[in-house]
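J.: In order, the protein sequence lines correspond to chains W and P. Each residue of the first sequence is one higher than the last, beginning at 33 in the working numbering. Each residue of the second sequence is one higher than the last, beginning at 33 in the working numbering.
Any given hint might turn out to be false.
Any copy will do: because identical chains look the same in the list, a pair fits if it lies in one copy or spans two.
To be verified - Straight-line Cα separation of at most 20 Å, SDA-like style, residue types lysine to any residue; simulated pairs:
1. Lys234 to Gly334
2. Lys320 to His220
3. Lys320 to Met243
4. Lys63 to Gly319
5. Lys95 to Pro214
6. Lys270 to Asp307
7. Lys95 to Pro215
8. Lys234 to Gln310
9. Lys95 to Gly370
Calculated from the structure, these hints are not laboratory results. Remember, it's a predicted structure, so these values are computed and weren't measured experimentally.
Number of protein chains: 2
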Amino acid sequence: MYDSIALVGATGAVGRIVLEQLVQREFPYKKLKLLASERSVGREVRVSGETIKVELLEPDAFKGVDLVIASTPDEVAKEFAPWAVAAGALVVDESGYWRMDPTVPLVVPEVNPDAVDNHSGIIASPNCSTTQLVVALAPLHRAARVRRVIVSTYQATSGAGLPGSEELNDSTRNALAGKVHPPSVFQHPIGFNLIPQIGSDKHEGYTSEEMKMVYETRKIFGDDEIQVCPTCVRVPVKIGHSESILVETERPLTVLEARQLFEGADGVTVIDDLDQHQYPMPRDCEGKDDVFVGRIRHDISGGTGVAFWCVSDNLRKGAATNAIQIAELLVRRGVTAGGKS
Amino acid sequence: MYDSIALVGATGAVGRIVLEQLVQREFPYKKLKLLASERSVGREVRVSGETIKVELLEPDAFKGVDLVIASTPDEVAKEFAPWAVAAGALVVDESGYWRMDPTVPLVVPEVNPDAVDNHSGIIASPNCSTTQLVVALAPLHRAARVRRVIVSTYQATSGAGLPGSEELNDSTRNALAGKVHPPSVFQHPIGFNLIPQIGSDKHEGYTSEEMKMVYETRKIFGDDEIQVCPTCVRVPVKIGHSESILVETERPLTVLEARQLFEGADGVTVIDDLDQHQYPMPRDCEGKDDVFVGRIRHDISGGTGVAFWCVSDNLRKGAATNAIQIAELLVRRGVTAGGKS
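Using the sequences plus the hints, can you model the full thing?
T.: Next up, the structure:
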């Protein structure tokens, strides 16, 4: 176990849940530090009966810290992670900045737990839309080798943090009153609208969010031949990302076999009874840790693939829960900043 | 031209737009009848300066009528269309009931105008989600033969008529107030939620809405080898259906060629500049007649296909506009109930 842990970005949308989960899941620690940018310094946070003051995120803040769980923008992660590593701490980072660094394992505990053993001080947690995708695909990949994935996402506004959720509320209230709320978080008004762009123009007409799904999926499965064609869309939903997925495997899977593989997989819950109107929906998945799968059916476009619908709480398994699960995995395996203990 | 025309279902969400469009597009007629169910009988509607009383939809109502444009539920269309045909009228029907009848042409004027020549009194307009799909695919099909389509939809609540739009408003207002509005039109609360079911369980885990996209696409293109794998999802948007489409053609198309084909196609408008945040969105397409296409890019999952994003006003081109365009086509070609005039 780690005596001293630090949370970076503890006052953000994801950081708050990390803190809640630390307590609820009884993550073992003796000392807890909360670090944040200047704006939040001095704020007091109650953590299981104790009041903790938020301290400034600066190089000296990591002295004596064993484990860091961080949820910050990329540019913050770029700066602070080397400070933490230099101070001898092990960093679990949820930002996008370190994920594709070849020295940084990108980990989803249900999928590639072994990857944590070979780190250089930083372990990254994937982007929310990738995490739920790989958790759902993992049992199919183990059984039949995933070759091609065509995925269209329906992503909640909380993917853009607390300001994203607030903008959805404001934009919707204004739309109901026949007014337009000028967007600031998103590129366009999101109330009762869809925005087929998440992130910036990155590669041949695909956005940065879409390319994360391509690159991160390959890295997590350790298989550069997996092909992914993603379309990422922001929808007026607060919490819970949804994905319409068509997967083609090397060995064709029947629907029955795919369902059994999903049912037997860690972290996956199947909700699939169309006749009874049972399938995963954002409103039912909010606040839950699993990845939910339904609408499982064979590809009727002549392929040998399986089509399905996948929903998960983007703040939980998509972010906070996966980070805590990585930390729990590190405890179980006795991984420290210096290697295996 | 037709001397006497009748609108059936003129007080519904689509019927109102048909009426507006008849006037705006200066559709030629001498006499206009409005027919509806008992509930709406006697209601007075102003049409270009004239007040028209809604009359009862009954067998005798079609006496002397040359052309009927109808927007009703399937079970109503099943009953009234034979009355109209028996009275010697030609029926343009927007319901789902007659679409797959082999004696009934299923027509999108930009795609298969010739089909109207061979009718038995009824001409059907496709389902909203199919119409925008085939308008977008038509230029690619003509140039390179469409073989396979993988499509995930993001469908507006107005697809379920005025009650659908009202339920979105009520459900959203309640959600903003932390309450749940019990659903009646949809299977589940739709405010800030997604429902991955439109229609009923129809075929091997696919819904009736999804199978319409399969069967209607084949019928309109007259090509039973076109393979379609659809996923239809209701989203909290009022007007405007969106579709994430991956299309594979017999002769592979480059992105440039696909864009040029879209740009040259009747009824298609390209909005495609990701860097400038320009792409079709429901809020911009509302009240417009075209099918809007953007995010055009090559399939990076190793296939030879083209991926794109497609939005259209489901009440306009998805319903009312297509019906009026069919009627205009019938006028141009001199088609009557008895055949070519």
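J.: Indicate, hint by hint, whether the structure satisfies it.
T.: Taking the hints in turn, this is what the structure says about them:
1. Taking the shortest Cα distances, Lys234 and Gly334 sit within 20 Å of each other only across copies (18 Å), while inside one copy they are farther apart (32 Å).
2. In this assembly of identical chains, Lys320 and His220 lie within 20 Å of each other by CA distance solely across copies; the values are 19 Å between and 29 Å within a copy.
3. For the homomeric pair Lys320 and Met243, neither the shortest alpha-carbon distance inside one copy (27 Å) nor that between copies (32 Å) is at most 20 Å.
4. In this assembly of identical chains, Lys63 and Gly319 lie within 20 Å of each other by CA distance neither inside one copy nor across copies; the values are 27 Å within and 60 Å between.
5. In the homo-oligomer, the alpha carbons of Lys95 and Pro214 never lie at most 20 Å apart, since the shortest distance is 44 Å inside one protomer and 54 Å across protomers.
6. Proximity of Lys270 to Asp307 under the C-alpha cut-off of 20 Å is found in neither arrangement, the shortest distances being 27 Å within a copy and 26 Å between copies.
7. When the C-alpha separation of Lys95 and Pro215 is checked against a cutoff of 20 Å, the pair qualifies neither within a copy, at 41 Å, nor between copies, at 55 Å.
8. Proximity of Lys234 and Gln310 under a CA criterion of 20 Å is satisfied inter-copy only: 15 Å between copies versus 37 Å inside one chain copy.
9. Taking the shortest alpha-carbon separations for Lys95 and Gly370, only the intra-copy value of 15 Å comes in at or below 20 Å, while the best inter-copy value is 90 Å.
Violated hints, in rising order: 3, 4, 5, 6 and 7; the structure is consistent with all others.
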